[in-house]
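Once you know that position 203 of the sequence shown is 203 in this note's numbering, the rest is easy, because the numbers rise by one and skip nothing.
Because the hints were derived from the structure by calculation, they are not lab data. All values reported here derive from a predicted model rather than from experimental measurement. Just so you know, even glycine gets a beta-carbon here, dropped at the ideal spot from N, CA and C. Be a bit skeptical, because a hint or two may be false.
DSS-like mimics (lysine-lysine), calculated; alpha carbons at most 30 Å apart, straight line [said to hold, decoys possible]: (1) 423 with 380; (2) 488 with 498; (3) 498 with 484.
Simulated restraints on C-beta separations [what the hints assert, rightly or not]: (4) 208 with 143: 37 to 45 Å; (5) 142 with 28: 32 to 40 Å; (6) 356 with 253: 31 to 39 Å; (7) 130 with 28: 36 to 44 Å; (8) 322 with 351: 22 to 30 Å; (9) 60 with 136: 23 to 31 Å; (10) 475 with 224: 30 to 38 Å; (11) 136 with 102: 18 to 26 Å; (12) 423 with 489: 20 to 28 Å; (13) 330 with 60: 36 to 44 Å; (14) 78 with 426: 57 to 65 Å; (15) 332 with 250: 41 to 49 Å.
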Amino acid sequence: MNEDTTRDCLLQSDSPQEECAVFGVYAPGEDVARMTCFGLQAMQHRGQESAGIAVGDGETVMVQKDLGLVTQVFHDEASLSALDGFVSVGHVRYSTSGGGSWDAAQPHVSAIDNELIAVAHNGTLVNTNPAKAMLLDEGVQLRAGTDSEIAAKLIGFITQHTHHLRDGIVHMMNQIEGAYAMVVITPSGLYAFRDPNGIRPLCLGKLPEDRGWVVSSETCGLDIVGAEYVRDIDPGEILRINKDGLDSTQGVLAGQRAACIFEYVYFARPDSVLDGRSVYQARRRMGAILSQEAPAAADLVIGVPDSGIPGALGYAAASGLPYAEGIVKNRYVGRTFIQPTQAMRQLGIRLKLNPLPSVIRGKRLVVIDDSIVRGNTSKKLVSMLREAGATEVHMRIVSPEVKWPCFYGIDTGTQDQLISASKNVDEVCEFIGADSLAFISLDGLREAVNGEFHEGMPPTLSRCRHDGFCEACFNGEYPVHIPKATQKRSLLPGNRMK
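Please take these sequences and the hints and turn them into a complete structure.
As structure tokens, then:
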């Protein structure tokens, strides 16, 4: 995983960062570039490093992309009006493969004879070296060197020989392993497909009055353009949308279902629905279950904005403790090209989060957060709350301990970044300076995502069913094989994948 300096934002989150989001529209007669821009804005939380949109008009594909937020890249009417067509694909990125350069921004463009295609990818591929070597041997130019570009060029190269884009996609799906949710456009059509394990999300929506179709990483992208959710794209499925309508084929056989469970904990917007499950309600249930697994004698429950708030509400409701907003988030501090001074950096977490002393002074707090990855931000948070007058700080985390790196599209590529990989719960608690610390159990998290219960009633963990999730960051069980060389440089000495 690349440790690019562009990641040095005002505050490095203690939560892992998602790679990106994809969005596509096929809608003749509609302003597809503008719709795609709105869809990307709805999913800006999934990537703030770069943004791009490609549009097909029946003759060619036009692309505009750059570093920055969606509103920075598409900042005026002219930037959108130049993208005129009826099929589009968009992308926002947070780099986990390749650097933070313009070339690494997506969509990637590949030529098939005299026709262009544009490819947008969410996820990370784990075995691109053979494909990269083949492409270079064949004289294919690679500018960015990212796994996404390799996939785009591979699709284009194979299609040049078969003359059928779907054949190129199928070949790529059979050659490349890892996590991918991809959208490809030609000048006149759209293709959307997922890896055979369905690790990264991708869903289909329909515009009212049969005006067209939309694909999106999250349902919140459908909502903003008024599209009705139809279904999730199945693992290994290839969806084609053009003037003949919608067509589905199975590109590769579906494998063991392994949807990323961390989507429910942190990545997805709370108003999204993944595989028919409400993210918001899952997070409320996480807090409620955690209150039963790890109760605390306290006066107040607060959540760390934003992803910790639904869990805090669930914890408070199930425990009977009052809930209050005790931390205010500055939502305009995020990725920026304006670097802080050293004195400002020393303010650390205060650039993004600030406590409300009038609420928390003299109180014993239960503080709900989504995860602890490196531990530094949690340590600063506990210290900040004590300075604001909290008498006790009991940290409760609505995910299990993150002990293993992710190779499927999250920026935790080495185990030495993860505090829980080398410290037990008591040691982590001592490091962050809390009075107590507890993580939800893996069974509890599964139940929160899968199960249903009435708030205030103890959850029945005996009903827990494992419904096809990737939980590798918690238990080291990886659904897609990781090359030995990657394992060697990513794991702590003596650790082996299960």
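Hints versus structure:
1. 423 with 380: Distance of about 18 Å is within 30 Å: holds.
2. 488 with 498: Judged against 30 Å, a Cα distance of about 14 Å means the pair holds.
3. 498 with 484: holds, 13 Å
4. 208 with 143: 37 to 45 Å: holds, 40 Å
5. 142 with 28: 32 to 40 Å: holds, 34 Å
6. 356 with 253: 31 to 39 Å: Because 53 Å falls outside the window, the suggested range is violated.
7. 130 with 28: 36 to 44 Å: The hint (36 to 44 Å, Cβ to Cβ) holds, given that residue 130 and residue 28 are roughly 40 Å apart.
8. 322 with 351: 22 to 30 Å: Holds - the Cβ-Cβ distance for residue 322 and residue 351, about 29 Å, lies within 22 to 30 Å.
9. 60 with 136: 23 to 31 Å: Roughly 27 Å apart at Cβ, these two residues keep to the hinted range, so it holds.
10. 475 with 224: 30 to 38 Å: Given about 35 Å between the Cβ atoms, the range holds.
11. 136 with 102: 18 to 26 Å: At roughly 21 Å between Cβ atoms, residue 102 and residue 136 fall inside 18 to 26 Å, so the hint holds.
12. 423 with 489: 20 to 28 Å: holds, 22 Å
13. 330 with 60: 36 to 44 Å: holds, 43 Å
14. 78 with 426: 57 to 65 Å: holds, 58 Å
15. 332 with 250: 41 to 49 Å: holds, 45 Å
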